[in-house]
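Novice: Now for the letters of each chain:
There are 2 protein chains.
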Amino acid sequence: MVSALKGDARLPRYQRLAETLRDEVVTRRWRPGEQIPSENVIAAQYGVAPGTARQALARLVDEGLLERQHGRGTFVRRPSFDQSLFRFFRFSNEAGERVVPESRIVQRELMRAPSEVARQLQLPGEAEVIFMNRLRLIDGVPMLAEQIWLPAERFAAFMAMDASEIGPLLYPVYDSLCGEVVARAEESLTVEMATPAYARVLRLEEHTPLIVIDRLAYGYDGRPIEWRRSRGPAAQFKYHTEIR
Amino acid sequence: MVSALKGDARLPRYQRLAETLRDEVVTRRWRPGEQIPSENVIAAQYGVAPGTARQALARLVDEGLLERQHGRGTFVRRPSFDQSLFRFFRFSNEAGERVVPESRIVQRELMRAPSEVARQLQLPGEAEVIFMNRLRLIDGVPMLAEQIWLPAERFAAFMAMDASEIGPLLYPVYDSLCGEVVARAEESLTVEMATPAYARVLRLEEHTPLIVIDRLAYGYDGRPIEWRRSRGPAAQFKYHTEIR
DNA sequence: AAGTGGTCTAGACCACCGC
DNA sequence: CGGTGGTCTAGACCACTTT
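Top to bottom, those sequences are chains A and B. Mapped onto the UniProt record's numbering, the consecutive letters of the first sequence carry residue numbers 1 to 244. Mapped onto the UniProt record's numbering, the consecutive letters of the second sequence carry residue numbers 1 to 244.
Honestly, the hints are just simulated from the structure, not real lab data. One should not assume that every hint holds.
Label pairs and their computed distance ranges (CB to CB) [to be verified]:
1) F75(B) / A163(A): 33 to 39 Å
2) E34(B) / A4(A): 43 to 49 Å
3) E242(A) / D23(B): 18 to 24 Å
Computed from a predicted structure; not experimentally measured. We treat Cβ as the ideally placed atom computed from N, Cα and C, and that holds for glycine.
Start from the sequences, fold in the hints, and give me the full structure.
Specialist: This is how it looks when you write it as structure tokens:
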């Protein structure tokens with residue numbers, strides 16, 4: 001039997017099919033890394049021509065939701081953006097090699113959400129959040145100071161976890177422990193002068209400029225999951241982009 | 001009679017057709033703003049199915065080379081990226097409105113290319129370049145200090161032009177006077193401390209951080225056209241981006 | 001009404017992958 | 001080898017713009 005397409009019947013079929021398939025990912029019936037049915041199967045399932053199914057799949061690949069591999073199949077893309085730091089900072093160790101910075105959680109506690117945090121995470125003002133203070137280090141030298149906030153309600157299992165068992169990559173932990181998958185994030189960059197406290201932590205002179213990166217991470221369903229603010233030395237900052 | 005497709009015959013037709021059409025733009029047989037033949041005409045012209053022509057056109061739209069308008073036709077896109085400053089700085093006048101900064105060319109002269117300029121513009125070390133020093137101001141207050149270098153050989157007509165007749169947008173002037181069309185550009189951002197000279201020009205305290213934007217602009221053919229380095233107050237800097 | 005791009009169909013054949 | 005996605009064809013019909 002043919003399944004129904006979501007959305008307004010006046011919309012193009014490939015758009016309605018794309019929305020229908022997107023929903024499979026959003027509701028986690030299709031999970032990251034998983035293979036989805038072939039385009040012929042999907043076409044038959046929803047009663048459209050293979051070319052139309054193809055167009056829908058192409059759109060979802062464009063959006064970064066799916067990945068296609070010639071001869072193998074179509075898969076739900078596993079988002080991974082912990083390389084994101086490298087887009088902004090030149091981090092290398094003494095040998096000049098690029099490395100993933102080591103990670104040290106300095107502090108982790110429950111608190112009432114500060115007003116900006118509540119606003120960013122779209123929580124009521126009195127909501128509880130998990131607050132973390134984290135350092136990223138290379139060869140033992142602190143390169144980045146991060147503050148991280150999570151809605152306490154959805155991250156109870158994370159709060160219960162032993163801090164020493166948490167590796168440098170948080171998003172996979174969010175997924176496996178709390179079922180929260182980060183699908184995309186918005187970042188905004190500004191420059192500020194190091195306060196004495198940050199200068200001490202990052203071993204810089206006072207009144208050295210810092211790059212501040214605010215990142216709001218969203219799930220597939222568009223809800224905010226995590227807000228973090230990272231500070232690093234502006235001297236290490238370099239960003240490259242193309243425009244047209 | 002059917003025209004020949006460019007490129008290796010083992011490549012997909014739509015790729016070869018895309019390259020062939022790209023060449024029409026690169027060689028300026030099709031000029032920015034101009035309408036190009038319809039997909040049916042192109043398909044017949046090159047002996048491919050309309051769907052294949054369509055695929056080639058879609059790719060060129062993706063690349064930003066063409067624009068399609070339903071019911072009207074397909075057009076060579078007119079690149080325009082002087083809004084690029086707004087991606088990095090929040091410039092507004094006393095009334096809080098966004099404005100295109102006024103432009104004042106402080107200096108314009110011929111010189112031997114400094115080594116970095118020669119490298120960026122891919123010129124021999126002894127080549128002559130046009131050097132410009134330019135200020136961008138809002139309500140008479142300098143917001144941005146720019147240094148601009150052009151290959152003297154290709155920009156003789158620009159050098160001859162009266163400086164007072166040059167508006168805030170240089171790229172259209174490059175096009176109309178010298179036939180040099182900027183198709184894309186690469187930018188890289190870093191932070192540095194204001195030297196006394198820049199602090200004075202931009203009316204900032206000394207040891208204030210500046211954002212430095214290096215921009216190398218390329219023509220459709222991939223040759224570098226212009227190199228510029230702009231400096232503005234880091235306090236006004238804000239950059240927003242999405243990752244997934 | 002004529003011409004354009006947008007959607008959709010129903011195939012064919014090819015290239016790549018894993019068994 | 002069978003199954004997958006990638007390319008290509010040759011149409012039909014629709015939606016939009018212009019004359």
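Novice: For this structure, which hints from the list above don't hold up?
Specialist: 1
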